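Chemist: Going line by line, the protein sequences match chains V and Y. Counted from 1, the first sequence has number 203 at position 203 by UniProt numbering; the numbering is strictly sequential. Counted from 1, the second sequence has number 295 at position 295 by UniProt numbering; the numbering is strictly sequential.
Hints listed in this document are in silico derivations from the structure and should not be mistaken for laboratory results. Treat the numbers as computed from the prediction; the structure is a model and nothing was measured. Treat the hints loosely; a few may be bogus.
The list cannot tell twin chains apart, which means a pair is met if one copy fits it or any two copies do.
[What the hints assert, rightly or not] Simulated pairs of lysine to any residue, SDA-like, Cα-Cα distance not exceeding 25 Å: (1) K301 with T254; (2) K301 with S170; (3) K108 with S309; (4) K57 with S267; (5) K94 with P134; (6) K93 with E213; (7) K255 with L265; (8) K108 with A271; (9) K93 with E302.
Protein chains: 2
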Amino acid sequence: MVEPPVRFGILGCANIARKVSRAILLAPNSTITAIGSRSLEKATSFAKENGFPASAKVFGSYDAVLDDPEVDAVYIPLPTSLHLSWAVLAAQKKKHVLLEKPVALNVKELDVILEACESSGVQFMDATMWAHHPRTAKMKEYLSGSASFGQLKAVHSIFSFVGGPDFLNSNIRVKPDLDALGALGDTGWYCAHAILWAADYELPKFVTALSPEYNEAGVILSCGASLRWEDGKIATFYCSFLTVLTMDITLVGTKGNLRVNDFVLPSKEDAATFYVTSYSRDWPKENNVATDLPQEALMVKEFASLVGSIKGLGSKPEKKWPNISRKTQVVVDAVKASIDKGFEPVEVVS
Amino acid sequence: MVEPPVRFGILGCANIARKVSRAILLAPNSTITAIGSRSLEKATSFAKENGFPASAKVFGSYDAVLDDPEVDAVYIPLPTSLHLSWAVLAAQKKKHVLLEKPVALNVKELDVILEACESSGVQFMDATMWAHHPRTAKMKEYLSGSASFGQLKAVHSIFSFVGGPDFLNSNIRVKPDLDALGALGDTGWYCAHAILWAADYELPKFVTALSPEYNEAGVILSCGASLRWEDGKIATFYCSFLTVLTMDITLVGTKGNLRVNDFVLPSKEDAATFYVTSYSRDWPKENNVATDLPQEALMVKEFASLVGSIKGLGSKPEKKWPNISRKTQVVVDAVKASIDKGFEPVEVVS
Chain V
1 MVEPPVRFGI
11 LGCANIARKV
21 SRAILLAPNS
31 TITAIGSRSL
41 EKATSFAKEN
51 GFPASAKVFG
61 SYDAVLDDPE
71 VDAVYIPLPT
81 SLHLSWAVLA
91 AQKKKHVLLE
101 KPVALNVKEL
111 DVILEACESS
121 GVQFMDATMW
131 AHHPRTAKMK
141 EYLSGSASFG
151 QLKAVHSIFS
161 FVGGPDFLNS
171 NIRVKPDLDA
181 LGALGDTGWY
191 CAHAILWAAD
201 YELPKFVTAL
211 SPEYNEAGVI
221 LSCGASLRWE
231 DGKIATFYCS
241 FLTVLTMDIT
251 LVGTKGNLRV
261 NDFVLPSKED
271 AATFYVTSYS
281 RDWPKENNVA
291 TDLPQEALMV
301 KEFASLVGSI
311 KGLGSKPEKK
321 WPNISRKTQV
331 VVDAVKASID
341 KGFEPVEVVS
Chain Y
1 MVEPPVRFGI
11 LGCANIARKV
21 SRAILLAPNS
31 TITAIGSRSL
41 EKATSFAKEN
51 GFPASAKVFG
61 SYDAVLDDPE
71 VDAVYIPLPT
81 SLHLSWAVLA
91 AQKKKHVLLE
101 KPVALNVKEL
111 DVILEACESS
121 GVQFMDATMW
131 AHHPRTAKMK
141 EYLSGSASFG
151 QLKAVHSIFS
161 FVGGPDFLNS
171 NIRVKPDLDA
181 LGALGDTGWY
191 CAHAILWAAD
201 YELPKFVTAL
211 SPEYNEAGVI
221 LSCGASLRWE
231 DGKIATFYCS
241 FLTVLTMDIT
251 LVGTKGNLRV
261 NDFVLPSKED
271 AATFYVTSYS
281 RDWPKENNVA
291 TDLPQEALMV
301 KEFASLVGSI
311 KGLGSKPEKK
321 WPNISRKTQV
331 VVDAVKASID
341 KGFEPVEVVS
């Protein structure tokens, strides 16, 4: 028996929603049922420009999407300051929630969202695409090999891109009332996530922020951070809207290292590469991992598969994904707290 | 008129002296005139095994080398704790000084060495080989391009190798009475130097150490550090004897980035590669820089050329090299001070 596809509603016409709409249409187990925007005209154009099925409904409000009984799940690409209210309302209306990152302004807000999802029995996932690329699983296989990589000792990650003058003037990600975490919440989210992924999602003990740069409204445009764990492992990262596109993870272990230079967005859609140096000969220096679907479609496929199991089989929501989002938010919050305390080390509390 | 070659004396038979002996013989303007060891037998074997000219003298003491009027310059690969006495004595005997790194246990000691060199009018240089590879100059050319790289914002460097059980038991670099700075003085020296090189040798304002690991005698086997400058630029590094061979510099600028994965020792002798991403099309992604001599021979050639100018033309010693050594030592000292202060940020004082 083929399960019916998971029916998505989309809240808003953000730029990133173009990519995720395509992903929903590419994934084998999902479809777009509705889009809502405060402007019906904008939603209509968006649906047309992005090849929505003729059956897709177009609404002039977000509420209408949440009230549509034919919508199983919502994708929420709204500004971060709106996540709390709309994600909670979506969960209360029994919609599964695929939420753009940063998922919340802080972990306190996130906990309200996660509690709403849990009490409604809906799946939560944040829209961090690279986590779903098969390269990510292959890299983890390499890292888990005690003969190939050994014990992890140090991690470094960079994610930066140049927000041009338009971006720095008007993008929601530099507006204190919309995405108050700025580059830390945007590109820093990926660095924090990558570091936690490398550390098997063990939270660090201390986090210290380093030299943020701000815009006139006080939003972070770039910053660094260092993290340390009780076992002596360390990580450092740099996130920025002010420097050229760079997307690095470098991991150093007792027997091997790993480098990837396009971790957020592979330079090709159908394959991605990572580089290792290792005592073990089982791993070539350059490892290419093919994928039949782009990583954003694999993300939608995984999310829709979990939703399908809940709908069709009565399964419980998968806790792995909200747990990863929460730990990432905890690290982002700790960097922010360290900045607020004049760059003192902040003890990480789960 | 062809200048006569600069005549080197070598103090001790350290392993690294094999490589530098070969470099002295490869360089067009230098030769080996003498070697001294506390064991005449060891020095004799060393001279034979490393193809010294038949005319090279073999001495059973370091003093004999310093007293030989046919020696113009000495290469000192002794343990760091012996640098102060032997480098000062060499300078007093009017020998030019090529000194292994770390050049001293701290900047106070280094200043005594540098003052001795200055008052004797002899050239000082530390034996950091990669600084002399033409790749290094080519990378600097890329970094200096405002159209290609823009403004430097973040640097990360890693230099680690696995010291096996023998190394960790008995190498001079893990002995508190010989090389008390451990991995920080050894591999960390290269990271600090690389970061300063990237920052055009401007000292950072603050340095903070991160999670050192020690051996039973309290010598550092690995550690991290973060550095920040007044203009907001940051750098981080990781140095270690405990993780797989990794030799990275990653630089992020407003218009370009640069990555090199074998900065300390290029994987080939006749060419070396660095990678860039840049707005400017003048620089390909992969840049290969050929060299007619290995980097250690280019180091000797540069040192001998400066010595030749002093001897032949009465030139003053070149201050660039002692200045770089001193700034590197200042950063290493600051990391050590931060460790001693419980990982507080240490203000860097030149």
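Chemist: If a hint holds in the structure, say so; if it doesn't, say that too.
Modeler: Evaluated hints:
For the homomeric pair K301 and T254, neither the shortest alpha-carbon distance inside one copy (36 Å) nor that between copies (36 Å) is at most 25 Å. Taking the shortest Cα distances, K301 and S170 never come within 25 Å of each other, neither inside one copy (33 Å) nor across copies (55 Å). For a Cα distance limit of 25 Å, the shortest separation of K108 from S309 qualifies neither inside one copy, at 29 Å, nor across copies, at 69 Å. For the identical chains of this complex, K57 and S267 are neighbours neither inside a copy (34 Å) nor across copies (59 Å), given an alpha-carbon limit of 25 Å.
In the homo-oligomer, the alpha carbons of K94 and P134 never lie at most 25 Å apart, since the shortest distance is 30 Å inside one protomer and 64 Å across protomers. Neither within a single protomer nor between protomers do K93 and E213 lie at most 25 Å apart by alpha-carbon distance, with minima of 40 Å and 52 Å respectively. In this assembly of identical chains, the alpha carbons of K255 and L265 lie at most 25 Å apart only when taken from different copies (19 Å versus 27 Å within one copy). In the homo-oligomer, the alpha carbons of K108 and A271 never lie at most 25 Å apart, since the shortest distance is 38 Å inside one protomer and 54 Å across protomers.
In this assembly of identical chains, K93 and E302 lie within 25 Å of each other by CA distance solely inside one copy; the values are 22 Å within and 74 Å between copies.
When the structure is compared with the earlier hints, violations turn up for hints 1, 2, 3, 4, 5, 6, 8 and for no others.
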